[in-house]
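J.: Sequence:
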Amino acid sequence: MKTILMSSAISMVIALLGTKPTITVLRKRKLGQQIRSDGPAAHAGKSGTPTMGGIVIIIASLIGYLAGHLLTSDAMSASGLLVLFLMTGLGLVGFADDFIKLFMRRSLGLRSGAKLAGQAVVGAIFAILALRFPDGYDLTPASAHLSFLTDFGVSIGPVLFVLWVIIMVTGASNGVNLTDGLDGLASGAAILVLAAYVIIGNWQLRYDCTTALQQNCYEVRDPLDAAVVAAAVMGACFGFLWWNAPPAKIFMGDTGSLALGGALAGLALVTRTDLLLLLLGGLFVIITLSVAIQVGSYKLTHKRVFRMAPLQHHFELAGWAETTIVVRFWLIAGMFVALGLGIFYVGWFPR
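Per the working numbering, the very first residue in the sequence shown carries number 1; after that it's consecutive.
Heads up, some of the hints might be wrong.
DEER-style ranges, computed between Cβ atoms [stated by the list, open to error]: (1) Leu92 with Leu317: 29 to 35 Å; (2) Pro21 with Ala124: 19 to 25 Å; (3) Lys303 with Arg328: 24 to 30 Å; (4) Val346 with Pro247: 38 to 44 Å; (5) Thr24 with Leu92: 35 to 41 Å; (6) Ala114 with Thr323: 48 to 54 Å; (7) Val159 with Gly319: 46 to 52 Å; (8) Leu339 with Pro21: 50 to 56 Å; (9) Tyr137 with Leu70: 22 to 28 Å; (10) Phe349 with Val25: 47 to 53 Å.
Calculated from the structure, these hints are not laboratory results. All values derive from a computational prediction rather than experimental measurement. Glycine included, each C-beta is placed from N, C-alpha and C at the ideal position.
Produce the complete structure using the sequences and hints provided.
T.: Printed below as a string of structure tokens:
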């Protein structure tokens with residue numbers, strides 16, 4: 001528990017204090033957001049706002065995790081390090097996207113194929129490594145099973161597992177990326193899901209099959225360190241949100257949104273809650289579906305279901321204030337997290 005608290009506090013302070021000088025540096029170098037001409041008119045005033053703030057989230061998370069372990073002398077784990085690798089690797093893909101947007105003045109950044117390839121490569125490396133590094137109980141960071149509250153069914157094998165991880169990683173990272181369209185929306189929603197994984201990691205540690213042999217226990221390699229990673233990233237998001245809340249002084253950019261999506265996917269995989277992430281991250285799922293529905297409808301019927309996709313922009317064009325949308329979407333995200341945690345608890349409760 002001390003490691004969780006220390007890591008979270010350190011990453012929050014670093015992000016809180018480190019974002020201000022980052023804003024100053026980005027402004028001096030004129031590395032501001034390029035606003036798409038087909039977006040809501042209200043976004044025109046955001047042009048030039050510094051972006052790539054996700055760098056702060058990643059650095060603060062890494063330092064918080066490392067410092068928390070050093071100060072408490074707790075050993076770092078393969079699971080924790082792999083989740084941070086996935087987060088950082090996807091952050092680098094996002095950084096490349098942001099770099100192209102800012103330095104080449106191309107508002108759409110990386111071509112979709114190149115971005116997807118980068119996400120797939122990082123996800124595949126994570127998947128391959130996650131089936132290695134068994135501990136004394138022969139538990140690896142992830143398992144070649146599908147999971148909801150725990151693993152179920154037969155092993156899908158390493159090849160299908162790699163494909164499954166790629167689907168999860170690209171889905172989660174793109175989901176957070178699509179949500180990052182209003183000030184503070186993605187960072188606030190991510191905080192709620194990360195808080196859920198702090199709780200899940202602690203609960204799994206309490207009922208770890210290697211220490212608590214009972215009917216309802218969890219075969220997870222490093223539940224405590226998963227909670228530490230979630231706490232470190234959550235703390236970094238808290239510190240960043242101080243500057244990212246409406247009206248935002250800085251945007252996380254693809255650097256931050258892809259990294260956060262990677263962290264969520266990685267935490268789901270190492271805690272054996274793959275499919276539960278669909279509930280915990282329900283807001284991200286809804287926003288992603290809104291884009292799929294919009295694109296599918298237009299291709300099939302040449303008609304749009306929403307005024308604009310992703311969904312948050314539909315409500316902007318309907319006249320809702322940005323802060324109203326952000327707060328209400330946070331509430332929706334919170335309800336999905338509460339539902340997911342409720343199901344997680346009921347699934348454990350002795351019957």
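J.: Each of the hints needs a verdict: does it hold here or not?
T.: Each hint tested on the structure:
no.: 1; hint: Leu92 with Leu317: 29 to 35 Å; result: holds, 34 Å
no.: 2; hint: Pro21 with Ala124: 19 to 25 Å; result: violated, 36 Å
no.: 3; hint: Lys303 with Arg328: 24 to 30 Å; result: holds, 26 Å
no.: 4; hint: Val346 with Pro247: 38 to 44 Å; result: holds, 41 Å
no.: 5; hint: Thr24 with Leu92: 35 to 41 Å; result: violated, 24 Å
no.: 6; hint: Ala114 with Thr323: 48 to 54 Å; result: violated, 35 Å
no.: 7; hint: Val159 with Gly319: 46 to 52 Å; result: holds, 50 Å
no.: 8; hint: Leu339 with Pro21: 50 to 56 Å; result: violated, 39 Å
no.: 9; hint: Tyr137 with Leu70: 22 to 28 Å; result: holds, 26 Å
no.: 10; hint: Phe349 with Val25: 47 to 53 Å; result: holds, 51 Å
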